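A.B. asks: Residue-level listing of the chains:
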Amino acid sequence: MARDTRPNGDVWVVVPVFNEQSVLEAVIGEILATFPNVVCVDDGSSDGSASAVAATGAHLVRHPVNLGQGAALQTGLTYARARAGAQYFVTFDADGQHRLEDAVRMLELARSGAADVVLGSRFLEHADTVPWLKRAVLRIAAAADPAARRLKLTDAHNGLRVLTRPVVDHLNIRMNRMAHASEIVSYLANSPWRVVEVPVSILYTEYSKAKGQSLVNGVNILFDLSIRQRG
Amino acid sequence: MIIQLVLLVAILGLLFIFVRNRHSVRMQAGKRIGLVLFALVNVYAVLRPDDITVVAHWVGVGRGTDLLLYALVVAFLLGMLNFYLRFKGVDAQFTELARTLAIREAEIVNTERGLLPGPDGVATAVAPTPPEPPATGR
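Chains A and B, in that order, give the protein sequences.
Numbered per our numbering, the first sequence finishes at 231, counting up by one with no gaps.
Numbered per our numbering, the second sequence finishes at 1138, counting up by one with no gaps.
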């Protein structure tokens, strides 16, 4: 099959979607203007998210039932890595909290060959845009996670990432729910890939705040991870 | 007290064995033998409660029923853990199944939408065993 020859045709943007109908079209439209290949994984949304995606030029993959954000990411990556010519994979949240300029900058870094994995961090700069309680908890999470410490990460739970082909080939996210962010970090810490963090800013709109995961969910994440490490 | 030592060793030891080699045939058989033995001990305890009390005294517990209660707690925790691990295994299989289905369907739908060229390589959730990553440098 012919390779995609459009600019950024070797890039696939993976967007996990769960009940984001109201903002989807705008977010996808903005991504498509820069990256022609977008795959939205609808994780069993009950609103019109799937038809909102279908109305755009993005690829649509629908989970028959809700499996969780980690599962949606893995599905999107599995779909994207099967496409001919896919070399770079960007994970991007559907709620519009990430800035496309950040993704472009991160991609440039990956293309330069200086890194196999580029992670967005809210704390290298612009930390003041993060609500203080969230900032404290995320800081502690990054400091307490041995894998994040080993990689010297400042932000282990950012949804904006750029992964290169070999990294995605080996990646298999098994934490279906929210623990996947820590799982990815621990995979990276136990791999030879060169991981670089890049400062990004987050647009904490009322919408993304309402959609963001609650801090209480951290308890669930800790439980899942502690069992996994023994399993 | 002996009982504290016995219970702690029992819980920790079984926990360790449990998560180390689950799914093995011997483990499966071991769990079932344990279940049958536990049931038999309970039958015996109902028929001859005084004997159990004697055993309880050996290990430093007041009454036979208390000893049974402790044993029940251990059995309950292990049962819960067993179900949790089993459930997680089923959950992982279910995810693979749903993912494979979703991607198959998406490839048809997105081809119809004109986003994908005609049928070619099909993605599956089961990775085609990629080569091992080079040894970690860290």
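The hints are simulated quantities; they were obtained by calculation from the structure and are not laboratory data.
Take these hints with a grain of salt, some might be off.
[Unchecked claim] Residues from chain A that keep clear of chain B, each with C-beta distances beyond 12 Å, as calculated:
no., residue
1, Gly44
2, Asp93
3, Leu203
[As the list claims (entries may be wrong)] Computed Cβ-Cβ distance ranges for the label pairs, DEER-style:
no., chain 1, residue 1, chain 2, residue 2, range
4, B, Val1090, A, Gly48, 25 to 33 Å
5, A, Pro131, B, Gly1089, 50 to 58 Å
6, B, Arg1113, A, Asp47, 17 to 25 Å
7, B, Thr1065, A, Asn220, 35 to 43 Å
8, A, Tyr204, B, Val1009, 49 to 57 Å
9, A, Glu206, B, Leu1005, 55 to 63 Å
10, A, Phe223, B, Val1041, 31 to 39 Å
11, B, Val1090, A, Arg194, 35 to 43 Å
12, B, Leu1040, A, Arg194, 55 to 63 Å
13, B, Ile1108, A, Gly48, 44 to 52 Å
14, A, Val65, B, Thr1065, 39 to 47 Å
15, B, Gly1079, A, Glu206, 44 to 52 Å
16, A, Arg105, B, Arg1026, 27 to 35 Å
Because the structure is a prediction, the values reported are computed rather than measured.
Note that CB positions come from ideal geometry on N, CA and C, so glycine has one too.
A.B. asks: Against each hint, give a clear statement of whether it holds in the structure.
C.D. replies: Status of the hints after comparison with the structure:
no.: 1; hint: Gly44; result: 9 Å, violated
no.: 2; hint: Asp93; result: 20 Å, holds
no.: 3; hint: Leu203; result: 28 Å, holds
no.: 4; hint: B:Val1090 <-> A:Gly48: 25 to 33 Å; result: 31 Å, holds
no.: 5; hint: A:Pro131 <-> B:Gly1089: 50 to 58 Å; result: 38 Å, violated
no.: 6; hint: B:Arg1113 <-> A:Asp47: 17 to 25 Å; result: 21 Å, holds
no.: 7; hint: B:Thr1065 <-> A:Asn220: 35 to 43 Å; result: 37 Å, holds
no.: 8; hint: A:Tyr204 <-> B:Val1009: 49 to 57 Å; result: 51 Å, holds
no.: 9; hint: A:Glu206 <-> B:Leu1005: 55 to 63 Å; result: 57 Å, holds
no.: 10; hint: A:Phe223 <-> B:Val1041: 31 to 39 Å; result: 32 Å, holds
no.: 11; hint: B:Val1090 <-> A:Arg194: 35 to 43 Å; result: 37 Å, holds
no.: 12; hint: B:Leu1040 <-> A:Arg194: 55 to 63 Å; result: 59 Å, holds
no.: 13; hint: B:Ile1108 <-> A:Gly48: 44 to 52 Å; result: 21 Å, violated
no.: 14; hint: A:Val65 <-> B:Thr1065: 39 to 47 Å; result: 46 Å, holds
no.: 15; hint: B:Gly1079 <-> A:Glu206: 44 to 52 Å; result: 46 Å, holds
no.: 16; hint: A:Arg105 <-> B:Arg1026: 27 to 35 Å; result: 55 Å, violated
Checked against the numbered hints above, the structure breaks hints 1, 5, 13 and 16 and satisfies the rest.
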